[in-house]
Structure formats: C-alpha cells, structure tokens
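Q: Okay, here's what each chain looks like letter by letter:
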Amino acid sequence: PPAGAREEEGDLRIACASNFYPTLKKLAVLFKEDHPEVALDLISGASGHLYQQIRHGAPYQLFLSADSAYPAALYRDNGSGVPRTYALGRLALWDPRGLGVNGERQYTLAIANPATAPYGRAAEAAIARYRDARPAPRWRTVVAANVSQATQLVDGGNADLGLVALSLIQARRGEYRVVPADWHRPLVQQGVVVNPGDPLAEAFMAFLFSERAGRLIRAAGYALPGGSDAVAR
Amino acid sequence: MPWLASGDAQALLLTVKLAATTTVILVALCLPLAWLLVRRDPRGRGLIQSLVMLPLVLPPTVLGYYLLVAFSPAHPPGSWLARLFDQQLAFSFSGILIGSLIYSLPFAFRPLEAALQQRGPALDEAGRVLGFPAWYRFLFIVIPGIWPALVSAALLCFAHTLGEFGVVLMIGGNIPGETRVLSVALFEHVEQMNYQAANRLALTMMAMAVVTVLLSGHRHDRF
Amino acid sequence: MPWLASGDAQALLLTVKLAATTTVILVALCLPLAWLLVRRDPRGRGLIQSLVMLPLVLPPTVLGYYLLVAFSPAHPPGSWLARLFDQQLAFSFSGILIGSLIYSLPFAFRPLEAALQQRGPALDEAGRVLGFPAWYRFLFIVIPGIWPALVSAALLCFAHTLGEFGVVLMIGGNIPGETRVLSVALFEHVEQMNYQAANRLALTMMAMAVVTVLLSGHRHDRF
Amino acid sequence: MIDFDVALAAPLALRARVRAQSGWLGLLGHSGVGKSTLLRALAGLNPAARRLRVDDRAVTPAALARRVSLVSQTPALIDHWTVARHLRRVARHHQAADLAGELIGNLGIDGLRHLYPPQLSGGQRRRVALALALLRRPRLLLLDEPFSALDDDSRHRLYPKLQALTRRLGCDVVLVAHQIEDIARLCDQVAILEPDGVSYCGALLPGLRRYQGQASSCSVLLGEALSGQAETGLLPVAFGGRTLWVRTPRLPPAGTPVRLLLHADDVALSVAELEGVSLMNQLPARITGVTVQASGVLVECLCERQSIQARVTGLSQARLGLREGGRVVLLFKASAVSLLTEF
Amino acid sequence: MIDFDVALAAPLALRARVRAQSGWLGLLGHSGVGKSTLLRALAGLNPAARRLRVDDRAVTPAALARRVSLVSQTPALIDHWTVARHLRRVARHHQAADLAGELIGNLGIDGLRHLYPPQLSGGQRRRVALALALLRRPRLLLLDEPFSALDDDSRHRLYPKLQALTRRLGCDVVLVAHQIEDIARLCDQVAILEPDGVSYCGALLPGLRRYQGQASSCSVLLGEALSGQAETGLLPVAFGGRTLWVRTPRLPPAGTPVRLLLHADDVALSVAELEGVSLMNQLPARITGVTVQASGVLVECLCERQSIQARVTGLSQARLGLREGGRVVLLFKASAVSLLTEF
Ligand SMILES: Nc1ncnc2c1ncn2[C@@H]1O[C@H](COP(=O)(O)OP(=O)(O)OP(=O)(O)O)[C@@H](O)[C@H]1O
Ligand SMILES: Nc1ncnc2c1ncn2[C@@H]1O[C@H](COP(=O)(O)OP(=O)(O)OP(=O)(O)O)[C@@H](O)[C@H]1O
Ligand SMILES: [Mg+2]
Ligand SMILES: [Mg+2]
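Residue numbers (my numbering), protein chains in the order written: chain A, 1 to 233; chain B, 1 to 223; chain C, 1 to 223; chain D, 1 to 343; chain E, 1 to 343.
Keep in mind that the hints were calculated from the coordinates and are not lab data. Keep in mind the model is a prediction, meaning the values are calculated, not measured. Ideal Cβ positions, reconstructed from N, Cα and C, are used throughout, including at glycine. Heads up, some of the hints might be wrong.
[To be verified] Here are the simulated SDA-like cross-link-like pairs (lysine to any residue), alpha carbons at most 20 Å apart as the crow flies: (1) Lys-25/A - Gly-177/C; (2) Lys-25/A - Ala-197/C; (3) Lys-26/A - Pro-176/C; (4) Lys-25/A - Gln-88/C.
[As the list claims (entries may be wrong)] Derived coverage of chain C by chain B (criterion: at least 3 residues anywhere in the stretch with Cβ under 8 Å from a Cβ of chain B; other residues may be distant): (5) 56 to 69; (6) 139 to 152; (7) 175 to 187; (8) 199 to 206.
Looking at chain A on its own, in the form it has when it is part of the complex (with noise of 0.2 Å):
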C-alpha cells in the first residue's frame, strides 16, 4: 500500500480527463522540480471511461475528472477521498475564420455530446439561453463526441463555429468569445484520491492548489474556484 512508501519517492498515476491533459502535463515539469524522485505517469482519457477503470481496479491513484458526476460516485461507492474543484473550465464560442454569426448563410455548430460530456451539456444550456433572448439563428447543430473532438470538427472546416473549451482553443487562431460563466452550470474540474492516505496522491493534490499551478491553470484558460471571472480578453 502507498501508505508505507517513503513520502517523496516512487510511482504517480494520474488519470487525468483529456481535455485537461495538456495542462496536467505543465503541471507535471513543475512538480516534477520539486519532488525529482516521484515518477509520473499521466494516462489521459474519457472522464467516464477512467471512471469506469478505476471503479473495476485500474491502478490509478489520482483522478482528475472533467464531470463531478463521476468523482462524487467514486466517493460515494469506492471510499475515495473527498473531490475537490481545482479549476472550472470556460466555455466559447470559437469562431476561427470570423465569420460572425449573424450572417445570411446557415452555419455549422459543433458541441459536444450533451448526453456524455460536461462542456456538451453546458453548451446546450448556452444555446437555450440565447435562443430565449434572439429568434432562431440560422444553424445546425452538430454533436461530436467530446470537447475536443467538437474543436477538431471546427479546426478541419467541417463545422463553422464550435462551442467549446476556452482552454482547448486560447492559444490557437482566430476570434473566440467567452461565454458568460452564468450561462451554464459551473463545468467544474474535480480532483479525488483513489484511496485516501496515499501519500503521493495527496501531496500532487496539494501542489494542485499551490499558488504557483494556479498561475499556470489559470494561463491554461480555466478559471478558479472561488476566484472571479478571472480570465484575459
């Protein structure tokens, strides 16, 4: 068991939700200088395909989840540790070759699979919204599996506009606006210990809330919890 390892030393697995996986691996060189003995492993995937692993024993002693659904039910029925919002993502209207959305022609909207994925839900919800304040726009919605399979649509051209993650797209070109946080229910990224105690687990879930990966979570496009709309442009 973890527990008996010594503190600074030996293995890390970290499931981590993928859309969050770029960010986790900044995350990782920072830890990485201080703890230079701990090994990392980061295995990103589907919030809800790692669930499911780590509910039938996959050796994962870290998880990072992009839906609280599944963290809250691993505490539930596992005995894992209590979750806790690191980040909570921004959603945006990415708009990569400006074509603004008033125009005369119907446009392509990519989403993410409502039924499945956090931003999808969150994206519907963003829609409803802004159907209640305009008449129907001119587009058709499309649905990807993921967030990041709905920015890829965008990024190939096979949709027009794409409503998703803000940190998926911030570095990339073209124009994007930030959804209004209020539109939607928090898309809230949750960290949880497999198995409370672990040491090594619990040290990466500090470190998480250390200032110095605030800053860099913060860079990455999330926004904190607890902190304001905090994000640039």
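Since chain A is already given, all that's left is putting chains B, C, D and E with the ligands on it; use the hints.
A: Okay, now just chains B, C, D and E with the ligands, sitting in the frame of chain A:
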C-alpha cells in the same frame, strides 16, 4: 415502459439501413474487383491488396478524423465531394455510409479474394467449356460457387457495421434519424451509467446478429 | 527530433507483440474449432457460428466495458480469473490480449471456417486414401491446402489488432509499456490536436501494414 | 477440313500441326505426351499457347472457345447446377432446345436430370459432358477418352449414333482414346503425337500400323453393300468380282459403299479353296510380300487389286511354302470382318 | 479370402455381399450401378454405410481405411505436394521405403517426381495413385478403372508386374474395369453388381458369359505348358492327349499349368481335318449343343472333356449340317488363343 427507448428504435432502423447498404455495396464492389485481380493478376496486385487493408490498421476514430479532413468543404477533396453529392458529406447519412464502406472494405474484400483465388479459375473454366460468356460465368457460376465465402464476407461486413462506431461517431455528428446509429446510442447509455438501457440495447443487437447468422446459414447445407 | 516520440516507439513494440500474439493464438485456436464444426457438423453449429460473431456486433468500447465488468476482481468471473492468472486481468497485458482475442475472433474464425467448409473435406479424404491419421491430415494436408484463406484470416486479425482501440483502451487503461498500444497513442495525438505526431504515427502503421501484406503475399503464387 | 497449328509454351513445349480431311480424326500418343494439353489449347483453355492457327488463320483463345467443344478426361461441370439445369441453360444459350431432347435419349441421361454433378458416376458424368458439348453445335468437337467408363456394349451402341449426329451437325471431331479399337471404329484418319510433335497425320491404317509398330496389323477393304437378309445378320459385300460376307447387326442399304476392317491375325491361309468348312470367306490371292516378324510372319497379298494382310506362324509358312509371287487362298470368318462405315 | 457385406444407405440403397477366393476379383456392372460407391464404402470413405462387415466381422470405416487402399476413377492427390513428397511420406508412414523404389520403376513414374499433381496427365496421375496405394501394403486393394488412360501396350506390360506384386504383398484385389479384356486377363473370379445387389459371384467365365449375355462368348481351356522355342513365339500346350499352339511373346516354363482364352467368334468348324492350311489348331470334337442367336449360331462342343464354343453363321450351319451329337473339327489360329496365366 417499452423495451427500447424511442430514440433507440429509430437508431435501430437507421443502423439496419446503414449496415445493409454497406454490405450490399461492398460485396457488389469487391466481387468484381477481386475477380479482376485474380483473373488478370496485374503487376500491382500486392500493392492493391495491401492498400485495401489500410482502413483496418488505423483506429476508427483516427480514420474518422482523416475522413473529416477529407470531407471538409474548406479544401479540395471535400469541396469537390460536396459539389458532387450536393451536400456536405460530414454529418449526413451519405457521409457515414462512405465511412462504413471504407472501414469495412477489408472484411468484404479479403475473404472474397481468397475464395475467388482458390475456386474461381476452376469454376470459370467449367463455364467456359460450356460456352458461356464471361459475364454469365461470373454471375451464375463463379459467384454461386463461392457462396459460403460470400456469406461469410457479407456477415462480417454486416456485423462489423452494426458495431462500428468510431468512424461514425467522428464524422456523423450524432444527428438523430440521420447519423445516430445504435452503437452510438449504446455507447451513450454506458457513458451515462444508464446500465439497464445499455444492457437491453446490447441484447437486442446481439439477438439481431444471432438471427442474421442463423438465417444466412441455411443455404450452407444445400449439398 | 526523432521520427517517433519515445513513448510511441515503446507503444510500437507493444503493439506488434500484441498483434502477433493475438494472431497466432486466434489462428491456432480457430483452425481446430472450425475444423471440428465442419467435420462433425454438430446440431448446435449454427448457434456456435453466431456466438462467434457476437463480439463484432457490440461497439468496442461497450464490449470493453462488459469485459471490464467481467474482469473486476470484486465478483465471480473476475475473481476466478484473477486467481487463475495470478494477477488482475484488467490493466495488464494479459487483459488486453484477452480483449483483442475476443474482439478479433470473428475475423479469424469466419474466413477459416468458410475455407475449411469448401475445401477441407476433399483434402481430408485425399489424405485418408493415402492412409494418414487424422492429426497428420489436418496439419500437413488440410491446413496447407487452405493457405490463401489462412493468410487472409491472419492478416485481417493482425491488421484489426493494430487498429483496435476501443476494447484495449477500456480494459487496458493506457499504461505506458504495459497497455498503451499504438492505436491508443495515435488516438491521443489526434485528441490533443497533435497533428504532426499523429500523421507520422499513422504513416508508420500503414507502412507496417503494407509491408506485412506484401510479405504474406509471396506464398500465394507457389502454384 | 481439320487444320490447326498449335505451339505450346514451356513446360510442355510442343508444336503440333495437323491438316486432315473433315470427319473424325484419331489422336494417338503415349500417356503424358501432351494429348490433353493440346486439346485444351485447341479449346481455347490454354492462355499460354504461343501460337494458335486454325484453318490457316491466327485465332485467339476466346474465339476458339466459342467454336470448339471439349469433353476432357475428367469433365468439369457446375457443382451447384443439376444436370437438367446444365442442359437447359446450355441449350438456351445456343438455341438448341430441339437437339437437347435427342441427345438426352441417345446418351441415356434422362434419369439423371435431377442429380448434381458430384452425385454422378464416372460414366454418367462423361455422357452428360458429351451431351453438353454437342448441344453447343461446335465446329470442332474434342473428345478426350470419352468412352473409358462405358462397357463394350454401350460403347458399340453409342458409336453409330454419335457419328450420325456429328455428321448432321457438320462438326469435325478429334478423338483421343487409348483403346485402339475405338479409334479404328470411329476415325478415318489419325494423327500421332510424339514428344517432338506430330509424327504422322493421315489415313487410319498406316497410322495404326506405325503407332503400334508391327505388333498388330490390319487391312481396310473397300466394297459395296449388296442386299442381304436382315434375319441372318449377314451382309454380302461386292468385293471386285467376288462376294464377301460380313456379320453385322444392321444392314446398310444396297449400293452403299462400305469400308471393312480385317485384322491380319484373323486371316488364315490355305493352298487351295476348301469344302466343308464354316469359314464364309475364301479369297484367292497372290502373295506380294512376306515379312518375318517377332510375332510371326506377315504375308501381304493382293486380291481384286486390294491389299490384305495375314499373319501366320513361321511353322505354317514353312509347311505351306509361302513366298512372294505364290498363290494362296485367304480364309476368314464373316465375324472377323468389321463394318467400319456407320450409316 | 475376399469376404465383405456392405449395405449402402439412400440415395443409393444397395446391399452387396461378396465371398470369393483370395486373388483378383473382377467387379462388373453397368455405368452408374454403384461400383465406385461400393468401393468407396469398402475403403472406409462412406460414413453413411449402414452395414460394414468384412471377413464376417463388423468393422468401422476408420478401421477399414487403415487396411484397404483405393485407387479411384479420378484419384485425389495432395495438390501442394510433389509426387516425390507423396512417395516419401507415404513410404515413411508405412515403413515401405524398399518397396518405393521398385514401384517407381515398375510403374514408370520416375520422371514425374518433381511434378505437382495438377501437372500430371490422366494416366500419370493414375499410375502415381496406384504406386501410393501399393506402398501402403494394404490387405485389400480396390482398383476403379486404373488402366483406362494407358494404351494397350503399356497395359499388357503392366499386368504381370502387378500380379507378381500383389501376390508378394499378399493383398487381395477388387478390380473394376469396363474393358472385359482387362478383367479376363487379371481376374480368376468376378462379381456382377446389379441395382438390386450382387447377382453373381464366382468363377470368371460363367460370370463373363452371364454379364455379356450371349453377345460374345468365350471359352477358357486348361492345359499345361510344354517346352517351346522362344524364337518362334509359339507355345505348345498339352491339352488332354493333344497339343495346342498358342502365340505368346514370352514362354512360361514347361510344366506350368496354363489358362487359355478363346473367343467363339475366332473358332471355325470343318467336317474333316484339313491339309495345306495355316490354321495351327485343329481339334476333333463332338457337338453338345446348338443355339440359334441373333448374331449367329453358337455351337457348343466337347473336346478332351473340355467345353469349347464356336459361333458360325446360319448359312454354314445348314451347309455343314451341324446338329447336336455330330462330329466336327474345331479350327483356330495360334494367334486366336490368349494365354491368361501371368507368370
Ligand atoms: N510444370 C510442368 N513441368 C514439367 N512437366 C509438366 C508440367 N506440367 C505438365 N507437364 C507434363 O506435361 C504432360 C501433360 O500431358 P497431358 O496431360 O497432355 O498428357 P496426355 O497425353 O493427355 O496423357 P494421358 O494419356 O495420360 O492423359 C505430362 O507429361 C506432364 O508431366
Ligand atoms: N443423391 C443421389 N440421388 C440419386 N441418385 C444418386 C445420388 N447420389 C448418387 N446417385 C446415383 O448413384 C450412382 C453412383 O454410382 P457409382 O459412381 O457408384 O457408379 P459406377 O458403378 O461406379 O459407375 P461408372 O462405371 O460410370 O463409374 C449413380 O447412378 C448416381 O446416379
Ligand atoms: Mg490426357
Ligand atoms: Mg465409377
């Protein structure tokens, strides 16, 4: 509560349509192509054989991604295709049909080619001796002569399209009645921890497969 | 910068190991099973034929999910298996191997069965007339006699395992060096919009496939 | 006119040129010399043939396949078609529905209509293949041992029917058979295939003699049928100024020119005509040659300006004092003569 | 002892019981009657046979397959093995390496070693299959028309070798052949297969006569070889108190009991012995029966207590006044007699 959710029933119909269309088109396409390869034995035969296998090597999602790139109306192949089909291919039934065709191609082609190679020439010669023209021999002598292999190829195609998912999910856009097939629906149920619906759908699909295979088996034992 | 990222090279090795093991085990397993079905023609033959097709019908992720449930050490099938293999099956090489075996089963079984059905009995009888015992006929007469079908089945298996991804991802869990195969790596590159790495990996996989097919084709033309 | 010139490619490099009269041509050759391979090339089934000329014109295999029918040693049929479907489809395709009924009757395949080829016996399969080959109304019919699974009786009943049919359809026939008797009965001409090509192509008897070496020799006599009484089964044949008696189950109309086959081994010699013997044919003749062979003494005689051979033992030759220029009487039974002409 | 009892299931429901002496047994039957099907069942290849008894014991098909070799009408070989590999593997499997060399020589398949079965000609394939069948040292060898692609010459050269071999290996043989001559030369006994079973099983000649109806009749004479001069190609045979002359290329040692075959059509009759004729055999005999047939008059005679048949025309019968009890002289050439015994 009905056995299947209403959306699932619609997905079922769409899936059968997709699988049947894919199977028919693939078999109809691969038979002459494979026969040509076997008869003519052209120089580039090995290359064609391996090209046909390529769709299998890529993970479906990745294949789907490349198809998306190809279908994108922003640049050439996609813009031509869009003009040709008079609609954008991605997110349409035609699009997932093309995806399925490409992805299931090896399953139709390979078994048919192997069978034609082993039995075709002898069958063709028997027909030739009886004085039938080439098209007649192919249709009425060679094809029935490799019937078990043809059934097996068609079944593989059909079943594979039923379960196929990565490509369709990627290029289909999950539009109910248009591109939302059973496998996508099933995937969603599992993802949503909707286990009962998932189990029912899985059972339904497996029952369909069993029935299809059992029905197709009847002709096997004619001799 | 090297052609492949270091993690990808490791994944490449693992993938080849997985695909080769899967292919060898499946062919070695399906040949006798299919032969038994063809020779004995038992009552339940149609049912076995359709059961073998089932893995194909389910979307790989869903199949993976059910396998995950089955492998779970918390309850019977998984707890027995864990004791049998002396380790937890999920998230280990043995686990993804079993997943690949199940998922690729139809591609090995069906073409082999079709070929054995068409050519097997005649080949077997030829050997019988020469006075060889059953095992000898099967190994040295029937199997070489259906060589093209065998190659085709093996290729389908191999290529399919290369590209297979849903099952492996689900029950393997993407652990570098243990269960992180090429297809998963490729999927990740695409997912991360890491297009150059993705393209390189895709090209590598396709080149592997072409070489494999071209090599396997040589024996075709022996007669 | 049967006229072809075929060059086969390696591994069986073989050049075969044949030019013969219309009718039945026997193709003789030892096992493995390439008879079947040659027939396949002539039927357009050997795409590797290096040269294919028929009637002095180059032809493609496909063009040949259209006009030539082949019944091979192990005829290939379509395993998933019944015999009836074979007949129906081939007849429809070649507009030969009328012919079908006749062939079915003649070849005795009526009871087989509902069977699939794998259920046929060896002989049945050949007969079905023969019927199908004829249904195509070919210009040239190639038969590769079509009779080897028929017993003597059925064979002999089949021959006249086949000859009449091919004559009516106007198709020439190349027949490969290992039974010399089949060739002798059916063919007017033979070609001999040897590993380095066709070594002989011409009239039947010299061909047979050449093929069999001196092991067996026979003569062909030309005569004209007289009117006989069917009940006796005896046909009188005008042979020059004399009458020969031939046993035959059916008599041709009087006046028909007939060809008769007589084996040298069936002819005995006597110094004078005999009384009180059952031998129906006694022909005075002059000896034109005496050849001593391993198997006896071959005596060549001239009678009514036709050549007849007899083979006797060395003992008899000495006893009767046979030598060139001497006079003898040729003795043979009515049953020793076979009527080659089919009518 | 050849003793089997086989009941085939539908569609070819057939019960065949055969019990005969060891040696060669000819199996006669019209095309499609079920000869090949019966042989397949005897070789253990028909799992649907309803009853399989050999030597009065029930046997399984698998047990039969081990002891019985079959050369079928179109022998199946392994397409991906060369002839050499066939021979090597079968020889190894049955510890018969010594036999292999001998068979290769006797059957003339030496030049075929590097070929694959699809490259063999019809006759070559059969010879290879025959060699393989013998290599297995079977208790019972089943031959289904093995000679139909061999010409007369090769066949006659093959027969004595085959007989010697099977005798040495101690294997019994069931031979299906459509050439009556093959049966007559090789077999001592025949069985006749008809649609409702085996209608005859016993000695050769009554069997042949029964099978061929009265269409052709022949006699078998038993005698003892005397010493002759090989150069003349004539064998004197003691036949009761008389000497018969038989033409044969090789002479058996003096004292060998021999079987001679004589066709009724080759025998002429005379009222008295003749002088000055080449006919080497003149046997005084008593007429024991006269039967008028469609094809002539069959005259049954007794000479030296053996029965000999002659067929003459009705005209001759009248002219010579042939009737039962009368005395005649049987005339036939030395070449009309064939020596059936192989040595
Ligand atoms: N690849 C090859 N290499 C060498 N010889 C070959 C090859 N293929 C065929 N042959 C030879 O070509 C000949 C084919 O003969 P074919 O079948 O035409 O004989 P055939 O005259 O019909 O004999 P049969 O009377 O026995 O049927 C055989 O002697 C065979 O050995
Ligand atoms: N399914 C079936 N239904 C009806 N008749 C059948 C079936 N299968 C086989 N037969 C008949 O069984 C017989 C098989 O005969 P087999 O091959 O044993 O004949 P054979 O005596 O060897 O003839 P051949 O001398 O021509 O080779 C044929 O008459 C065939 O028509
Ligand atoms: Mg041949
Ligand atoms: Mg037969």
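Q: Against this structure, judge whether each hint is valid.
A: Here is how each hint holds up against the structure:
{"no.": "1", "hint": "Lys-25/A - Gly-177/C", "in the structure": "holds, 19 Å"}
{"no.": "2", "hint": "Lys-25/A - Ala-197/C", "in the structure": "holds, 17 Å"}
{"no.": "3", "hint": "Lys-26/A - Pro-176/C", "in the structure": "holds, 19 Å"}
{"no.": "4", "hint": "Lys-25/A - Gln-88/C", "in the structure": "violated, 28 Å"}
{"no.": "5", "hint": "56 to 69", "in the structure": "holds (count 10)"}
{"no.": "6", "hint": "139 to 152", "in the structure": "holds (count 5)"}
{"no.": "7", "hint": "175 to 187", "in the structure": "holds (count 4)"}
{"no.": "8", "hint": "199 to 206", "in the structure": "holds (count 3)"}
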